[in-house]
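Student: With the hints as constraints, model all of the structure from the sequences given.
In case you want the letters, here they are:
Number of protein chains: 2
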Amino acid sequence: MTRELSRSGAGPGRQDILEAAAVAFTRNGYDATTIDDIADELHATKGRVYHYYRSKADIFLDVVSTGIRDLLAEIRPLAEADGDALARLARMVRRHAAMMMTRNAFQRVAVQAVEMRRLGQGPRYESLHDIVVMRDEYEQLFADVVAQGQREGTLRGTDPRLATKPVLGALNWITVWYDPDLAGDQVVDQIADEYAEFVVGGLRKGDR
Amino acid sequence: MTRELSRSGAGPGRQDILEAAAVAFTRNGYDATTIDDIADELHATKGRVYHYYRSKADIFLDVVSTGIRDLLAEIRPLAEADGDALARLARMVRRHAAMMMTRNAFQRVAVQAVEMRRLGQGPRYESLHDIVVMRDEYEQLFADVVAQGQREGTLRGTDPRLATKPVLGALNWITVWYDPDLAGDQVVDQIADEYAEFVVGGLRKGDR
DNA sequence: TCGGGCCGTCATACCGAGTAGTACGGTCAC
DNA sequence: GTGACCGTACTACTCGGTATGACGGCCCGA
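The listed protein sequences correspond, in order, to chains H and P. Taking our numbering, I'd label the letters of the first sequence as residues 1 to 208. Taking our numbering, I'd label the letters of the second sequence as residues 1001 to 1208.
Simulated from the structure, these hints should not be mistaken for lab results. As the structure is a computational prediction, the values presented were derived from the model and not from experiment. Beta carbons are placed, not taken as given, at the ideal position from N, Cα and C, and that holds for glycine. There's no promise every hint is true.
Unchecked claim - Computed spacing ranges between beta-carbons, pair by pair:
(1) P:ARG1027 to H:ARG76: 30 to 40 Å
(2) P:GLY1206 to H:ALA81: 52 to 62 Å
(3) P:ASP1084 to H:ARG54: 52 to 62 Å
(4) P:ASP1130 to H:GLU80: 41 to 51 Å
What the hints assert, rightly or not - Taking lysine-lysine pairs in the DSSO-like style, the calculated list, with each CA pair at most 27 Å apart, reads:
(5) H:LYS56 to H:LYS46
(6) H:LYS205 to P:LYS1205
(7) H:LYS56 to P:LYS1056
(8) P:LYS1056 to P:LYS1046
Tutor: Spelled out as structure tokens, the structure:
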């Protein structure tokens, strides 16, 4: 029976390319990854890759937007749930950290793209704008929760957008150091808990 | 009068190449930066660049090791100073954050290299090992201070190497989002203070 | 039932552009 | 005269992307 279509409108063939590309880009980054590298992941050749995608940049964009959309889909409900800001922030951080580990390839590539965007450059195409919009929207989820925590008197009063920077830096850096081949589920939970404790402690208003 | 020789044995010419390369690599990353890009920074051509450096990879390595050595030179004395662990940690974080902003180009490239290294790949040459050693040595500075804080009872008891990961992630991510063209010294201090407060709060043992 | 046509899939060969690096020669200061 | 410096022209190679053809499966008509 056929596999479920992914949200990028992919049949199984396109999805295969997407996942192979995520692995390849994770390894070498966009510029140093060749179409042959992606094809090699599937024991295929470039003809197969170009059957499903117009260009290398299109493949990269699809990997990145899939990663960011996955993250948004997981974190937005947590951000918008009921509950005090501290608890919601902890859950958002835990979930984000977990995804950096369990969706390592796609999230690693999404982080690579965020890093490219800061320089105003990346694969030379126009749709990078979508990535920027989603990243800003995502960052605002955290800033809004921080702002609410400040109104509740539980979080320190620094500029919420600034407060969000170290949080996302810490979380995104997981994709740099975490090796998914080495750890199990229990380790994922342990690390996610540590990150939640770190971030909440770092933003909480102290009474010392 | 001649400029001071840099520690890489550079005369002014070689230092010019180094600084131009730092800017160029910051903009586009190692793979997407050409030797022409570096030469363009100096309104020169490749002949000039190749007069001072054997290869593109050698230039990159020089930029990266300069960045990491600068950081080690600043942070190691703070790590090894007298004082309780909390205070030393705060100073280390503040100084690291400041350097991510004030030495943005070199530190950005050093961070790029760290990210490449995690994948076991990078510019295809052998001396990447030195970078790995310095990075681990650097990370251990933080881990040691965290361990001492745990012995003093002021920091939470998590594994010090794990505790260091979000710290360095937060700090290194500054090179991704901070634009040195937009801010002044006062902003640098404000952000550095925020990061110190965030990290110390995040690692401090809570009594709530 | 069989054969032909069509379509999706994918490998191969090729082209053009770009880039790392080299060789060489010119200029200038000492 | 020599050497440092550096620009120019060039080579070799890589890689993104294209064109083409083969193959297998499916469908339909005879």
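Student: Compare the structure with each hint and give your call.
Tutor: Going down the list of hints, with the structure as the test:
no. : hint                             : verdict
1   : P:ARG1027 to H:ARG76: 30 to 40 Å : holds, 33 Å
2   : P:GLY1206 to H:ALA81: 52 to 62 Å : violated, 24 Å
3   : P:ASP1084 to H:ARG54: 52 to 62 Å : holds, 59 Å
4   : P:ASP1130 to H:GLU80: 41 to 51 Å : holds, 48 Å
5   : H:LYS56 to H:LYS46               : holds, 11 Å
6   : H:LYS205 to P:LYS1205            : holds, 14 Å
7   : H:LYS56 to P:LYS1056             : holds, 25 Å
8   : P:LYS1056 to P:LYS1046           : holds, 11 Å
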